[in-house]
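Use these hints to put chain B onto chain A, whose structure you have.
Read top to bottom, the protein sequences are chains A and B.
Following our numbering, the numbering of the first sequence begins with 1 at its first residue and continues without gaps.
Following our numbering, the numbering of the second sequence begins with 1 at its first residue and continues without gaps.
It should be emphasised that the hints constitute simulated quantities derived from the structure, not laboratory data.
Zero decoy hints are in this set.
Facing chain B, a subset of chain A residues (Cβ under 10 angstroms, in silico): (1) Gly401; (2) Phe427; (3) Phe471; (4) Ser546; (5) Pro561; (6) Arg568; (7) Glu577; (8) Thr581; (9) Gly598; (10) Asn601; (11) Pro602.
Calculated pairs, DMTMM-like style, for lysine to aspartate or glutamate (alpha carbon to alpha carbon, straight line, at most 20 angstroms): (12) B/Lys50 to A/Asp569; (13) B/Lys50 to A/Asp580; (14) A/Lys395 to A/Glu485; (15) B/Lys46 to A/Asp569; (16) B/Lys50 to A/Glu577; (17) B/Lys281 to B/Glu207; (18) B/Lys24 to B/Asp43; (19) B/Lys46 to A/Glu577.
Quick list of simulated restraints, FRET-style, between CB atoms: (20) A/Glu616 to B/Asn56: 32 to 40 angstroms; (21) B/Gly51 to A/Arg629: 44 to 52 angstroms; (22) A/Thr615 to B/Leu5: 49 to 57 angstroms; (23) A/His383 to B/Asn56: 20 to 28 angstroms.
Note that beta-carbon positions come from the ideal geometry of N, C-alpha and C, so glycine has one too.
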Amino acid sequence: MYGQDLFPLLISASLGGALLSIVTKRWEQACRAISFTAAAVVSLIGLVIALEVLLVGGQVAFTIPTSVAALGHFTFVVDRLSAFFMLAISSLGLCVSIYSIGYTREYAGRYSPATMGSLFSIFLLSLFLVVTASNAVLFLIMWETMSLSSYLLVVYESRNRESVSSGLLYVVMTHLGTALITVAFIIMWLHTPGEHSFDFSAFRELSAGALPEAARAAAFLLLLVGFGTKAGLVPLHVWLPQAHPAAPSNISAMMSGVMVKTAVYMLIRCYFDFLGVTDSWWGLVVLLVASVSALVGVLYALMEEDIKRALAYSTVENVGLIFIGLGAAMVFQSYYLADPAANAHLADLAALALIAVLFHTLAHSLFKGLLFMGAGAVMYATHTRDLEEMGGLAKRMRWTGILFFIGALSISAIPPFSGFVGEWLMFQSLLLTQNINDPMVNVLLPVAVAVLALTGALAAACFVRVFGATFLARPRSKHAAEAVEVPRTMLTGMGIAAGASVLLGILSVFIVPVIDSVTSSVLGVSIASKLVNGLVLMPPAGEFSSMSPVIIGALLLFAVPFAYFATRDLGGRRPVEKGDTWDCGTPLSSRTEYSAAGFSNPINRIFRSIYRPHTEVRTEYTSSTLIKRKISFSSTIEPVFERYLYAPVAALVIALARRVGVIQKGSIQAYLAYIFVILLVLLVVFR
Amino acid sequence: MILELVQFLLILAIAPLVTGVIRKAKALMQSRRGPSVLQPYRDLGKLLSKGSVVSNDASWLFTITPYVCIAAVTVAALLVPVMYAGTFGFLGDLIVLIYLLAMMRFFMALAALDTGSAFGGMGSSREMYISSIVEPTMLLSIFAMALVAGTTSLASISQNIASSGLDLVSPALFLAAAAFFIATLAENARLPFDNPSTHLELTMIHEAMLLEYSGKQLALMEMASMTKLVIFLAILSNVFFPWGIATGAEPLAVLVGALLFLAKITLLALVIAMIESSISKMRLFRLPNLLTVAFMLALLAVVSYYILGVA
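Next up, chain B with everything else stripped away, as it sits in the complex:
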């Protein structure tokens, strides 16, 4: 119980740090010094101490959205294994997790439409367009793992795969991991889908949805997005490559698990920073090509399980 709580709090605590690490790494790769890795914490603190402006056109939906988003992502964080393969999984499995994130997106897209700005509409439309393929991709790729591991509970998937050594490694794992990685980039507004560091109307998707938020509400939305990124990285490292995660509650195993987890997501953060420094954003209407590739990979992963059976 305590371990579960600790790893839940760990996700929330390191969320801004991971974003900071990606930004710092990007800056270094681009020969800039860049802000400190702790800058996102300072940003959040600053935003929390500012007043906010709400559009005259907005309705109740715009007001409640930041709270719903942070609530949804927090509940989702309860379901993700971090350093120990056990969570509050009886609450819900991976389907619940994905749909909680869908809930966050649903509210965010509506809030973006609510202010009646063209930017918000643009962001909302593009977000739903991308997610209409990304969400099934995520579901299918984790399903492939669920089938291999014989459970749809995220913690039990990492438990089963980690404890069986390399026995459960199958083609499905690699196909699904590749699909999920592409989905991670798309869902978290990273290049080549979206550019998190620009406010250019032609390219922005996620930022366009947040444009009308300010002050405390913006802080909540930013925090929700950062937490979502960590959740994705945690799934990628602990569901697809769970080796090293603590399968029991021994202090040493948990410590190793925690260190390995930090190492894994730092590595993933560096990979994301490297991708973002080396490729440019794709044209919006070229995205479906990449997205359908990811979707097909995920579908293949699931089909391969049914056809080939367990390895």
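So that you can see chain A by itself, here it is in the shape it has in the complex:
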């Protein structure tokens, strides 16, 4: 096993990289190259470890010595589940590291590359360690390192007020989440059999029924809310569309691509590995929350005029899709465990749903990372995030356009790209359900199917809008008109992500068995032999259906050029001339083309009860009321969650703080008196 030796190397290489970027901070150019090359090397090491564990098997363990025995063993273990998430982190980490070498030039002379470089190394390392930590305390330390390093990266543009306030919201939300996770871990720790231990190996014995019903339910909910905050489940998502766009784009790519997935990782581990999914209502709760998330995410993504915020909302949507799969897997698993003999097929279905979850997790890492990198490239060239200021970039930034387009195709679930395969697997796992005699299941599953179908169509509309407004037609601003292609390193980073994303979809037949080995390590049921039949994917239920992304890809790849060559000669070869767009006699300008807001207005109308749009038209007249000088139009949608959920809570907290503030006199005597009183009380209580 090379992994055993490589794991310490991974840690020391990241720390070394962080140190190198601080040492070289005077030479900006070199610092950028060195820090991100180091990060790329670290990602490659991670990739090797992950692939070795996934393909060869076995596991990698690495222990750091601790002096506090009560905290247990600080061990990092790379088992199959960890390795799978390491695969996602390292492949996106590699792309983003290469991309960052060029991208950070954007900040040259304004912000220090050493800060970015060293924090990026630490952030990347903490991602790796979060998914491998095998002890609750160690996990929490790594989780905090991840949260804090990402917070510092979000506020990297520290002179930008928006970044700083978004960062604050992020750090508050993420700590609320961490607090709940900590409580959940303490509950679990209290019930570990024998001597209390924080080791995951002790937590694993909880599933044998050591936990009382109430404690189990509490742990389930605390973990869901705690990790749901990080993943961006509605209504805990509010920080995500603020913080992800505010960060530099390479960081947004990492946050949206992989950081939110660490929550998925830990939930799978806690629910399936530690607690054991025996209550069917757990899955139903997840299914419900996930359906709402998916729908809310895509609906807001459709209205957003900031390219990065649109992508961030789409992350909320995709996390929703991932959680729909997770919820379904939990429902099936619980019914299977309730009666293993009668419901054997449900074990297969749980495995199928979990495969869909992991597949979509990996796919989304790659294409969302790609899209954020693309958005970063567009901002690099145009210095704006506003969709209404872009346009015409496909001709000015040819490669960025093509790569972003691949991302858009993948996320819009166009066959045979990776987003489609994930959605197909998810549809299959939901549709195969039969014989569950629970009215709630029978209502929620079709609703989840409907949500899946609806979000698919809306996501396609969303990405037609984003791609069209950014890259097509004529430029709508001077910046866009003068845009040029971004540096090679950025294109390389995006290119690798795009290539990996395409291959993941087309070659999914070969990748699904690997994912099956991961899910079978969690669930104990392997369905690869039923699921993959040559080049065809088949859900494990006889003749239910089948699909072959490879063959579809090959057919399309054949049919497109065939159509071209066949029609070129059919009816004789004819010239293709260049001409103006039909303009009805009025010269066209960038003002006559459809804007992003105009594009999504019809959808705004259908869902107006959700958006609650507020439009305002102001007209300025000249001396005559017949001649208008200026008409200005503005349209906003109501931030429902912020206004009706968070604002009251924030107001309550502030009011409480005011009350408590009364004791804050500002005089040192008063504080000494408080300390004295507390000391007395403590002495009396704990004598």
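Same frame as chain A, but now just chain B:
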């Protein structure tokens, strides 16, 4: 294998004819003589022998779109049963089919935006707006059938339903068929959603997207749309009402299947012509009412399966 290939080619071959039949029937109902049913073939031939003009503003996307559209719709045609309940179904099921059509729409909508004309943007925006409800409606309505038949492969659905006589007829079938019919009208730019025979900027959706295409590229886009219509009619006749389709490869059964198929889609074409002659186009912002009705019907069909179970 040969039968599958034959029925695939049949779809492509009769695609312009079906459009011709609808146009002729409409003309007759409106007391016009109308062009021959073969006119669409002549139109395509004419377009193929013409040069084309591409807008200065357009990018590579505009250039590749016609080829991608025809490729997507052709691959989709491989998955549809026509006269024999067997297809190249191992390639993909109904989900693949619907998403291949989504692929066609995705490219078409982007190409429409690409030329920077207000018409294109309008068409693209409206198309995505309608499809955001129609696509889930289609999926859900066929899902209802898939659940009833116990498979999501289109050919196996018609096989299972046709061979079990009336046993599998359930409320879901009718709800889903109604939903799918509305979706067919919306997806194929028919009245009351869109008017295929007008170029009035206030009303056009589909035509607005094709406005900048000419010559061979326009021929491809037209052919793709016509094929899509036949695919929808074939699904409607062979997935929802498959009785009569050949469930085995005996020559007689296949012949009967083929004749019945032609009869079914002629009937559907006449129904569409009759609808188009008797109602007017709906206002754009009234459409969601009808579309959400269709969506709800489809959702009810699926839920009714889960609640009521198999009949």
